[in-house]
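S.K.: Residue-level listing of the chains:
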Amino acid sequence: MIWADVFTVVLVTAGALFFFAGWVGLMRFPDSLSRLHALSKADNLGLGLVVVGLLAQASWPYGVLKLIALWLLVILVGGATGQMLAGALHAAGPTPEPDRRGDAARDAGGTR
Amino acid sequence: MLPDPRLADLPLVVALLALALWLIATRHDRSAIIGFTAYGLIVAIVWVRLGALDVALTEAALGGIMGLLLLMAAARLGDAPDGPPPTWPLRVLVGLLCGAVTAGLAVLVLTLPEPAPNLVAAVAEQQSATALKNPVAAVLVAFRAVDTLLESAVLALAVIGLWSVGADAAWGERPRALDSDAPDPALVLLARLLPPVGLVVGVHLFWTGADHPGGPFQAGALLAAMVALVWLARLGAPPPVRSRLTRVGLMLGPLVFLLIGLAGVVAADAYLAYPEALTKPLILLIEAAKTLSVAVALALLVAGPPALPRARP
Numbered sequence: 001m002i003w004a005d006v007f008t009v010v011l012v013t014a015g016a017l018f019f020f021a022g023w024v025g026l027m028r029f030p031d032s033l034s035r036l037h038a039l040s041k042a043d044n045l046g047l048g049l050v051v052v053g054l055l056a057q058a059s060w061p062y063g064v065l066k067l068i069a070l071w072l073l074v075i076l077v078g079g080a081t082g083q084m085l086a087g088a089l090h091a092a093g094p095t096p097e098p099d100r101r102g103d104a105a106r107d108a109g110g111t112r
Numbered sequence: 001m002l003p004d005p006r007l008a009d010l011p012l013v014v015a016l017l018a019l020a021l022w023l024i025a026t027r028h029d030r031s032a033i034i035g036f037t038a039y040g041l042i043v044a045i046v047w048v049r050l051g052a053l054d055v056a057l058t059e060a061a062l063g064g065i066m067g068l069l070l071l072m073a074a075a076r077l078g079d080a081p082d083g084p085p086p087t088w089p090l091r092v093l094v095g096l097l098c099g100a101v102t103a104g105l106a107v108l109v110l111t112l113p114e115p116a117p118n119l120v121a122a123v124a125e126q127q128s129a130t131a132l133k134n135p136v137a138a139v140l141v142a143f144r145a146v147d148t149l150l151e152s153a154v155l156a157l158a159v160i161g162l163w164s165v166g167a168d169a170a171w172g173e174r175p176r177a178l179d180s181d182a183p184d185p186a187l188v189l190l191a192r193l194l195p196p197v198g199l200v201v202g203v204h205l206f207w208t209g210a211d212h213p214g215g216p217f218q219a220g221a222l223l224a225a226m227v228a229l230v231w232l233a234r235l236g237a238p239p240p241v242r243s244r245l246t247r248v249g250l251m252l253g254p255l256v257f258l259l260i261g262l263a264g265v266v267a268a269d270a271y272l273a274y275p276e277a278l279t280k281p282l283i284l285l286i287e288a289a290k291t292l293s294v295a296v297a298l299a300l301l302v303a304g305p306p307a308l309p310r311a312r313p
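Going down the list, the protein sequences come from chains P and S. The first sequence: position 104 = 104 (our numbering), numbered continuously. The second sequence: position 33 = 33 (our numbering), numbered continuously.
If you are wondering where the hints come from, they were derived from the structure by calculation, not from laboratory data. Please note: incorrect hints may appear among the correct ones.
[As the list claims (entries may be wrong)] Just some of the chain P residues that point at chain S, by a computed CB distance under 10 Å: (1) 14; (2) 64; (3) 69; (4) 76; (5) 81; (6) 83; (7) 86; (8) 88.
Model, not experiment: these values are computed from the prediction. Don't be surprised by glycine CBs; every beta carbon is placed ideally from N, CA and C.
The whole structure should be built from the sequences, with the hints applied where relevant.
M.R.: This is the structure we're talking about:
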């Protein structure tokens, strides 16, 4: 039983790290398409790791199947809304964001 | 030693307070609405942590639809022009009034009797009479049936109010607020894949509501969201407001509730009382009709007032 718990803790922590990275990307990336990219990575991989981690704790069969269904639904909805946002951004054309870009470039240089 | 498990809720509380402050401080309608929707989702998680799953489901389902309605209203109204800043006496007055409301609420919360009066024991004692295992459902449809009846009538009134702001010439036409010229292909794909799942989950929420968290409002909100998704992707269109079927669907819930309630005067011994042998089937009938009417009402609220077709350039 203890191995199942270790498995859960490791994978959920890894998932949380992906969410944190996604949040940092959302805050710091220079343009909207990159921010969208960071967000969808966090959603798909982060949630995927959390779900796989929780599978070790879920009851068979309904708990496990519900978790997997939840993951698939989030991937479907996240993918579709990501495409829609990207399509809207593409249609609106490139927007210069000089102040944010300057900030991000300076921070990226400074924090690494 | 493990730390106090309540510490796990600390991030939730911080996020809630920070988002609430930001909501008040932000100057843009759209950001405020998106923030408000996110706030509703965090509140739903708080309800889960408090063990109130029925409330959490309602908050999440209805909060999402509310967010959509507010966004559409904001898009229609546009950004309000900045007027002259309020004068100092006005600011002081507003500050004092807000402070007074906050202080009043604080005093009320801090002077609540200990233990707080509640009816949990009374509900638990009488619950077996309703043949429902979910105490929330028992309260809603049996013990406080009048409130629930009025609630379902209010939604129908809201739709009538929305329809009455349409232009005179457009009366009888169909709502067109969700119409777009070319829906995104990703949206169309989503509107093909998601509704079957949403339909099953919605009916499950209704059916399980008797014994577990769930019920007509949550189920109706989910079904309405699926219908609105189909309308948004233009895979279907809202029915014209002159459609008799739509109007029957809208009124069926309150009507069935009212008729069974009136029949209770004769068959049982009071208005809105159920005869003992038929309690469960009657409650099921009322809840099914209400699920349908809530779904129809919320979908129609999202669809907007009746409008004339847009002139093609």
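S.K.: Does residue 83 of chain P hold up as a contact with chain S if the rule is Cβ-Cβ below 10 Å?
M.R.: holds, 4 Å
S.K.: Hold the hint about residue 88 of chain P up to the distance rule: shortest CB distance to chain S must be less than 10 Å.
M.R.: holds, 8 Å
S.K.: Min Cβ distance, residue 86 of chain P to chain S: is it shorter than 10 Å?
M.R.: It holds, given that the least Cβ distance between residue 86 of chain P and chain S is near 9 Å, below 10 Å.
S.K.: Would you settle whether the hint for residue 14 of chain P is holds or violated, based on the nearest Cβ-Cβ distance to chain S being less than 10 Å?
M.R.: At about 19 Å, which exceeds the 10 Å cut-off, the nearest Cβ of chain S leaves the hint on residue 14 of chain P violated.
S.K.: Quick check on residue 69 of chain P please, does its C-beta sit within 10 Å of some C-beta on chain S?
M.R.: With a minimum Cβ separation of about 8 Å from chain S (threshold 10 Å), the hint on residue 69 of chain P holds.
S.K.: Would you check whether residue 64 of chain P satisfies its interface hint, that is, whether its CB is within less than 10 Å of any CB in chain S?
M.R.: violated, 18 Å
S.K.: Closer than 10 Å between Cβ atoms is the bar; does residue 76 of chain P clear it against chain S? Give me holds or violated.
M.R.: Because about 6 Å separates residue 76 of chain P from the closest Cβ in chain S, which is inside the 10 Å limit, the hint holds.
S.K.: Measuring from the C-beta of residue 81 of chain P to each C-beta in chain S, is the shortest one below 10 Å?
M.R.: holds, 8 Å
Hint violations for this structure: numbers 1 and 2, all remaining hints satisfied.
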